[in-house]
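For chain X, the structure is supplied; the task is to place chain S on it using the hints.
Here are the chains, one letter per residue:
Number of protein chains: 2
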Amino acid sequence: MSITAASAAAGAPADQATVRRLNLALLLRSLAEGGSRSRARLAADTGLTKATVSTLVSDLQARQLVVEGDAERTGLGRPGRVLHLNTESVRCLGLEINVDYICGVAMDLSGQVRARARWALPMQSLGPARGLGVAADLARQLLLDCGAGAQQVRSVQLSMPGMVDVDSGILVNAPNLRWRDVDVVHSLLGRLDWRWASFTVDNDANLGAMAHYAAAPAGLRHLLYLSGEIGVGGGTVIDGSIVRGANGWAGEVGHMPLGPGDRVCGCGRSGCWETVVGLGAVLDAIADPGDALHDETIDMAERLDLVCARAAAGDERTLAGLRRQGHWLGMGLSILLNVQDPGLIVLGGYFPVIQEWIAEPMMAEIRRRAIALPDIEPRVEFSSLGIEASCLGAAHAGVEALIADPASAPIAAG
Amino acid sequence: MSITAASAAAGAPADQATVRRLNLALLLRSLAEGGSRSRARLAADTGLTKATVSTLVSDLQARQLVVEGDAERTGLGRPGRVLHLNTESVRCLGLEINVDYICGVAMDLSGQVRARARWALPMQSLGPARGLGVAADLARQLLLDCGAGAQQVRSVQLSMPGMVDVDSGILVNAPNLRWRDVDVVHSLLGRLDWRWASFTVDNDANLGAMAHYAAAPAGLRHLLYLSGEIGVGGGTVIDGSIVRGANGWAGEVGHMPLGPGDRVCGCGRSGCWETVVGLGAVLDAIADPGDALHDETIDMAERLDLVCARAAAGDERTLAGLRRQGHWLGMGLSILLNVQDPGLIVLGGYFPVIQEWIAEPMMAEIRRRAIALPDIEPRVEFSSLGIEASCLGAAHAGVEALIADPASAPIAAG
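Those sequence lines, one after another, are chains X and S.
Residue 182 in this note's numbering sits at position 182 of the first sequence; the count goes up by one each step and never skips.
Residue 1171 in this note's numbering sits at position 171 of the second sequence; the count goes up by one each step and never skips.
In case anyone wonders, no lab produced these hints; they're calculated from the structure.
Treat the hints with care, since some could be wrong.
Claimed, not checked - In silico contact screen, one side only, chain X against chain S (beta carbon under 8 Å); selected entries:
id, residue
1, Asp15
2, Pro257
3, His327
4, Met331
5, Leu336
6, Arg368
7, Ala372
As the list claims (entries may be wrong) - Stretch by stretch, here's where chain S covers chain X in the computed footprint (C-beta under 8 Å, at least three residues):
id, region
8, 38 to 52
9, 144 to 158
Said to hold, decoys possible - Here are some, though not all, of the chain S residues that point toward chain X, as calculated from beta-carbon distances under 10 Å:
id, residue
10, Leu1022
11, Asn1023
12, Gly1169
13, Val1172
14, Leu1223
15, Ala1250
16, Gly1254
17, His1255
18, Asp1341
19, Leu1344
20, Ala1364
21, Arg1368
22, Ala1370
23, Ile1371
24, Asp1375
25, Arg1379
For clarity, every value in this text was computed on a predicted model and none was experimentally measured.
Ideal Cβ placement from N, Cα and C applies to all residues, glycine included.
Looking at chain X on its own, in the form it has when it is part of the complex (with noise of 0.2 Å):
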């Protein structure tokens, strides 16, 4: 719901506001990726005059997001005080709902997380107003934990697990959980209205993308999340934006007609992906029944845990049901490198945990499949941020909004 400086830039007159706001962009962008350092030093960095420099740091420092350190003596002329971005000020909120858990993050300006909770909730059965009351008693729980007041919030960024309309913050669907056209954004802002702070709301593996993305080294643009679940998801993000496609529906890969036809997805479809790659599809292949694995009172990572044992002892069913999933896992993935050339995947939920034993049957149908080899070896990565990958990346959105556009940040009172 914040505009950013580019969408400032397109369609609409630019005029001083304009390039104040870009370069207020530029100055904060340049601290969060370059570090603290001298007005003199940013000058010479960002190529503005010292005099530009130096008005710009103090709107930025009025709107708390950049704060002055120690004096840096850099050769001639009066030593000048360091810059840091401002990490005791304003907080970024990032929460989760998810079918058995809601989870969030506080994070500050240089992106740490400053608080963390989850909390272990039967989300479906608790419906969606109870669900969304709980959390906003989490993102208070949040402020509470790293001590801040709702003054400093600045977004809160909800992930959930279906398709979601941006724009209007309307769940549209969320099949796994049995919600259905959930006003979500309106709800929480009803709920906690914290009214320095945007209220927005995304798909989790648009999320899940973004928090690889914030973690991925410098000068990497173009980044492909797979979420595994029961279902498996896509997010992709291009020069730090999510890529939604047309009507939102980008990234539905577990759809992708490519499997046997004799399994049917959740969608009600037969032969997706999903079928033969997502958490369900592996379950059913190496277990019968009457099996642990398919005891829904136990916890999924401890039946996780299990698989492993299994695979780790050398038992032929489970090892072989591994094997074939890394070998549709590579099918797919090759699908994708073909369409869109990523310059890295990333692989998330539970493909991680059974990493050891799906990685080379993966590997060996990617290389079989994927077209630019073997000019470019595609970058194929397990997750290790865990189950928290999309409330951080929820999180990490909302730091990112607010360094394209400063100027979205009020100015402090007194």
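Then chain S, alone, in the frame of chain X:
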């Protein structure tokens, strides 16, 4: 190679020159998309002051991008003169080198084609060095045909059927042409020496996508174009920009592994999508080796006429082959719809020729497979631009670059 206003605004300090650059683009785009108007109306429509509009219009006139027409009475006050795009000055050339022909168009600032040429030539056996000489000859011919001088040419954009390194202007590999590692841009630049033109190269499917984007109704933001020939390539345009991927390999959709594994692809792999939807695959499916359809001395257009004649006459083998092709086409398009969610897919190359027989099985498969249904009906259309699509897109890309950054055009002497 030209700098757009957007890229000028990102990462570099903004100043008065940035403002001017953005506003020049705003005015020129307003004229290009909204039609001719007086200065007063332009001011009202863009939000710029009348004084600013007057100054900027003088600049656009000096760069020969805008001309003044008759007076327009706008109510009170003096009648203002109507401003038009200057369609008589600058020319943007699009050239396409393909396996058995080379073609080109010269376009004016309004997107109208002012000259066109197509020469049937065996470009493969001609080879890169002499082939590029012919391309330069064709460019000179286009200029003669539209009565323009070299100093009027602002862009020469070349379309190649293969993998291109856009930044360095190099053709990496065009397998069907058997050209590899060719310095196409500098070679053309060296031959033509048109100093006011920017020279660029791109992939034919990318430029086909650009042509259809330019022809699409306003409001369409995301388009996927599929070029159907022996190979099948994809091009994506989002918000007027070609999406190339991290290494320039995006859109290699013909090599998605989803066909049966019994046919070897031109790339050496088996099961690639183009082994069931490419032109060669269809001809193999409907005609035995001795059949006229396989006679390479007959022009491909004639052979396609023969396919249509047989289908129209009700030949069972032909009809079954085309139905099967339509089915596989729909299968792959469903993947692209689920992964990318484009607002429109356009099928070009030979697909429109056989449209009558493949559209129904194709759409049936899409209806079974596309995840956005029934909420959103995917838009899939057949191209009406014919064989010229890529060189039209090449010329459009030059026009678009000029409108996005009018300051890249030189100020005319005298």
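Closest C-beta approach of S/Leu1344 to chain X relative to 10 Å, hint status: Holds: closest Cβ of chain X sits about 8 Å from S/Leu1344, inside 10 Å.
If you take the shortest Cβ to Cβ gap from S/Asp1341 to chain X, is it below 10 Å? Result: holds, 3 Å to nearest chain X Cβ.
With 10 Å as the cut and Cβ atoms as the points, is S/Ala1250 at the interface with chain X? 4 Å, holds
Restraint satisfaction for X/Ala372 [CB to CB of chain S, less than 8 Å]: 4 Å, holds
Does S/Val1172 hold up as a contact with chain X if the rule is Cβ-Cβ below 10 Å? 8 Å, holds
Go through the hint on S/Arg1368 and say holds or violated, using the shortest Cβ distance to chain X against 10 Å. 7 Å, holds
Closest C-beta approach of X/Leu336 to chain S relative to 8 Å, hint status: 7 Å, holds
With chain X as the partner, please determine if S/Leu1223 meets the hint condition of a C-beta pair closer than 10 Å. 9 Å, holds
Given X/Met331 was flagged as interface, is its beta-carbon under 8 Å from a beta-carbon of chain S? 6 Å, holds
Does S/His1255 pass the interface hint, meaning its C-beta sits closer than 10 Å to a C-beta of chain X? For S/His1255, the interface hint holds, since the closest Cβ of chain X sits about 4 Å away, which is under 10 Å.
Given X/Asp15 as an interface hint, is the shortest Cβ-Cβ distance to chain S below 8 Å? Result: holds, 6 Å to nearest chain S Cβ.
Should the hint that S/Ala1364 touches chain X count as held when the rule is a Cβ pair under 10 Å? Since chain X brings no Cβ nearer than about 13 Å to S/Ala1364, farther than 10 Å, the hint is violated.
Comparing the model with each earlier hint shows violations of hints 3, 9, 12 and 20; every other hint is respected.
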